[in-house]
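Visitor: Line by line, the protein sequences are chains W and U. Just so you know, my numbering puts 14 at position 14 of the first sequence, and the rest follows in order with no gaps. Just so you know, my numbering puts 188 at position 188 of the second sequence, and the rest follows in order with no gaps.
Calculated from the structure, these hints are not laboratory results. We put the beta carbon where it would ideally sit given N, CA and C, even for glycine. Treat each hint with caution, since some may be false.
Stated by the list, open to error - In silico SDA-like links for lysine to any residue, alpha-carbon gap of 25 Å or less: (1) Lys151(U) <-> Arg101(W); (2) Lys91(W) <-> Gly102(U); (3) Lys151(U) <-> Thr75(W); (4) Lys91(U) <-> Ser168(W); (5) Lys151(W) <-> Lys151(U).
Claimed, not checked - Here are the computed distance ranges between Cβ atoms for each label pair: (6) Asp87(U) <-> Asp218(W): 41 to 47 Å; (7) Asp167(U) <-> Leu120(W): 30 to 36 Å; (8) Arg60(U) <-> Glu219(W): 40 to 46 Å; (9) Val145(W) <-> Arg60(U): 37 to 43 Å; (10) Gly86(U) <-> Trp165(W): 47 to 53 Å; (11) Ala230(U) <-> Asn261(W): 40 to 46 Å; (12) Glu130(U) <-> Pro119(W): 46 to 52 Å; (13) Asp204(W) <-> Glu219(U): 51 to 57 Å; (14) Glu48(U) <-> Leu125(W): 46 to 52 Å; (15) Arg235(W) <-> Arg235(U): 54 to 60 Å; (16) Ser225(U) <-> Asp138(W): 38 to 44 Å; (17) Glu219(U) <-> Ala122(W): 54 to 60 Å; (18) Ala64(W) <-> Arg60(U): 31 to 37 Å.
There are 2 protein chains.
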Amino acid sequence: MSFAASPECTWINGDEGASLSVMDRGFAFGDGVFETMRYRRDAIPLLEWHLRRLFDSCGRLRIAIEESLLRDEITQFHRAAAARLGDGIIKLIVTRGVSARGYRCETDAAPTRVLMQFPLPAETLSWNAEGVAIRYCDIRLGSNVALAGIKHLNRLEQVLARMEWSDSSIQEGLMTDARGRIVEGISSNLFLVIAGRMVTPVLDTCGVAGVMRQYILDEVCRGMSVPVAATACERGMLAGSQELFLCNAVAGVWPVRRLANKSWPIGPVTRKVQEHVARLFGA
Amino acid sequence: MSFAASPECTWINGDEGASLSVMDRGFAFGDGVFETMRYRRDAIPLLEWHLRRLFDSCGRLRIAIEESLLRDEITQFHRAAAARLGDGIIKLIVTRGVSARGYRCETDAAPTRVLMQFPLPAETLSWNAEGVAIRYCDIRLGSNVALAGIKHLNRLEQVLARMEWSDSSIQEGLMTDARGRIVEGISSNLFLVIAGRMVTPVLDTCGVAGVMRQYILDEVCRGMSVPVAATACERGMLAGSQELFLCNAVAGVWPVRRLANKSWPIGPVTRKVQEHVARLFGA
């Protein structure tokens with residue numbers, strides 16, 4: 001595993017640069033949101049889905065981001081990024097901006113916009129083909145309806161979850177809520193295939209409402225004519241499922257091959273979902 | 001209310017400067033902790049209490065901060081700060097450091113150390129004398145035993161809580177857990193005086209274990225020979241208490257004068273606690 005520690009390029013509020021104010025509320029409080037988008041040379045295929053979640057999240061957190069300014073900036077950044085590297089990742093961070101010390105914030109603070117370009121990580125793509133082995137994480141997700149679904153910058157639970165193992169034969173961890181119900185992967189969402197239907201954990205009290213999860217719910221399942229539901233997921237449901245897969249907007253779909261002492265083949269529903277998603281990224 | 005947007009002085013990893021890498025995990029994930037310390041010209045009175053919490057928190061989050069390096073840096077920073085301004089605030093932030101994109105972190109990442117100097121906010125001190133009016137916040141604190149007590153950088157709940165009101169006659173908000181039990185103020189801890197005993201909410205599933213709270217528990221109550229306990233606090237207990245006060249390491253002790261439709265005088269126990277704390281800061 002290699003670490004590419006620095007982005008290929010970074011813009012902060014439209015200007016090239018890689019440093020930000022120590023008084024930015026993103027740093028002080030995790031007071032912001034982010035999107036991690038996969039791009040092709042000619043487009044960012046799920047851009048509208050990313051922006052819908054971002055603007056919705058900013059609305060819930062009352063971060064007054066200017067939509068047209070951000071759209072223009074992403075378009076320009078993508079053009080410059082694609083000229084350097086034909087496909088890759090654009091990470092977008094929006095914070096409430098710079099303010100004085102303390103939780104209170106002037107209502108006229110200008111949000112901070114950060115755009116970063118990264119290459120596609122090779123191993124996450126190979127996991128598409130081979131599937132992944134996963135584990136249960138010990139740390140639980142705290143519940144808060146005010147924050148549920150938002151891809152915000154308060155991610156200590158995920159950081160601690162990812163520190164629970166270093167065995168490289170395990171690729172992802174499953175996170176549960178305080179009651180032990182399955183919520184999501186550390187950086188992915190989960191789908192189960194049970195008796196020809198698809199199920200994904202409901203995210204009404206915790207978890208990140210992933211863009212790829214939403215795309216699969218709204219578009220892929222409809223295209224495949226497979227019934228799908230977001231419900232509470234107990235551990236027992238996983239053992240009883242014929243297929244499991246994880247998804248996110250960068251990696252697409254990872255078939256789950258192993259969890260605890262249970263194994264799964266890469267099943268036909270998972271393959272079909274992968275085909276739909278592969279078309280998005282022109283792969 | 002005036003906002004002093006910038007610190008008087010900032011050191012990052014020992015060097016003067018006010019900007020940090022966009023790849024710092026404090027910014028990406030809130031992956032770090034902080035302390036807000038009040039200093040006099042000759043000392044930082046509660047320094048050992050702050051450091052004990054910080055090192056304990058870093059241990060729980062597995063942030064490998066070098067203790068002697070940090071101690072030396074704080075000593076030097078305090079000396080320089082006191083030369084500029086006889087008393088004030090030193091805010092210390094320690095993050096896991098800079099890493100590649102993604103939750104996983106190299107084990108050898110070097111923590112980032114930020115020291116900032118601010119003047120003492122005038123109004124928080126006047127609240128010592130006059131007391132404060134407070135309100136209940138709507139947003140609840142999520143529970144997570146892995147994070148409970150730590151003054152970490154994941155503070156969106158506090159940010160949203162402080163946005164719930166703009167009425168300047170209300171100075172602080174009380175936060176409750178998912179079950180409605182009182183936990184703390186947004187930036188302070190709570191004590192109740194009931195029938196000559198002191199009570200403070202227990203912080204085993206959420207909340208920040210404040211340094212001033214700990215000092216009052218360990219030193220002030222002993223000095224005053226007042227029995228004290230950390231217990232679960234239902235709302236009804238507040239209505240039945242003879243005195244209420246809030247505390248933090250910067251402001252000291254704020255008597256609570258009003259909450260919802262109940263009023264309190266500034267009582268004798270609160271006054272005694274204030275006298276003990278005032279001696280710390282030489283006020």
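Visitor: Each hint needs a verdict: does it hold in this structure or not?
Guide: Here is what the structure says about each hint:
Between the alpha carbons of Lys151(U) and Arg101(W) the distance comes to roughly 15 Å, so the proposed pair stays at or under 25 Å and holds. Proposed proximity of Lys91(W) and Gly102(U) is supported: the alpha carbons are some 11 Å apart, at most 25 Å. A C-alpha spacing of about 39 Å is found between Lys151(U) and Thr75(W), which places the hinted pair above 25 Å, so the restraint is violated. Among the hinted pairs, Lys91(U) with Ser168(W) is inconsistent with the structure: their alpha-carbon atoms are about 38 Å apart, more than 25 Å.
Distance restraint check for Lys151(W) and Lys151(U): the Cα-Cα separation of roughly 21 Å lies within the 25 Å cut-off, and the hinted pair is therefore satisfied. A hinted range of 41 to 47 Å for the beta carbons of Asp87(U) and Asp218(W) is inconsistent with their spacing of about 58 Å. Separated by about 50 Å at the C-beta atoms, Asp167(U) and Leu120(W) break the suggested range of 30 to 36 Å. Checking the proposed 40 to 46 Å range against Arg60(U) and Glu219(W) shows it holds: the Cβ atoms sit about 42 Å from each other.
Here the CB-CB span from Val145(W) to Arg60(U) is close to 27 Å, at odds with the stated 37 to 43 Å. Range check, Gly86(U) to Trp165(W): about 51 Å between beta-carbon atoms, so the 47 to 53 Å window is met. Distance hint check: the CB atoms of Ala230(U) and Asn261(W) are about 42 Å apart, consistent with the given range 40 to 46 Å. For Glu130(U) and Pro119(W), the hinted distance range of 46 to 52 Å is not satisfied, since their beta carbons lie about 58 Å from each other.
Between Asp204(W) and Glu219(U) the CB atoms are about 44 Å apart, so this pair departs from the stated range of 51 to 57 Å. For Glu48(U) paired with Leu125(W), a C-beta distance near 51 Å keeps the hint of 46 to 52 Å intact. A C-beta distance of roughly 35 Å is found between Arg235(W) and Arg235(U), which places it outside the suggested range of 54 to 60 Å. The given range of 38 to 44 Å is respected by Ser225(U) and Asp138(W), whose C-beta atoms sit roughly 43 Å from each other.
In this structure, Glu219(U) and Ala122(W) meet the distance hint of 54 to 60 Å, their C-beta atoms being roughly 56 Å apart. Judged by the Cβ atoms, the range 31 to 37 Å given for Ala64(W) and Arg60(U) holds: they are separated by roughly 35 Å.
Hint check: violations occur at hints 3, 4, 6, 7, 9, 12, 13, 15; the rest are consistent with the structure.
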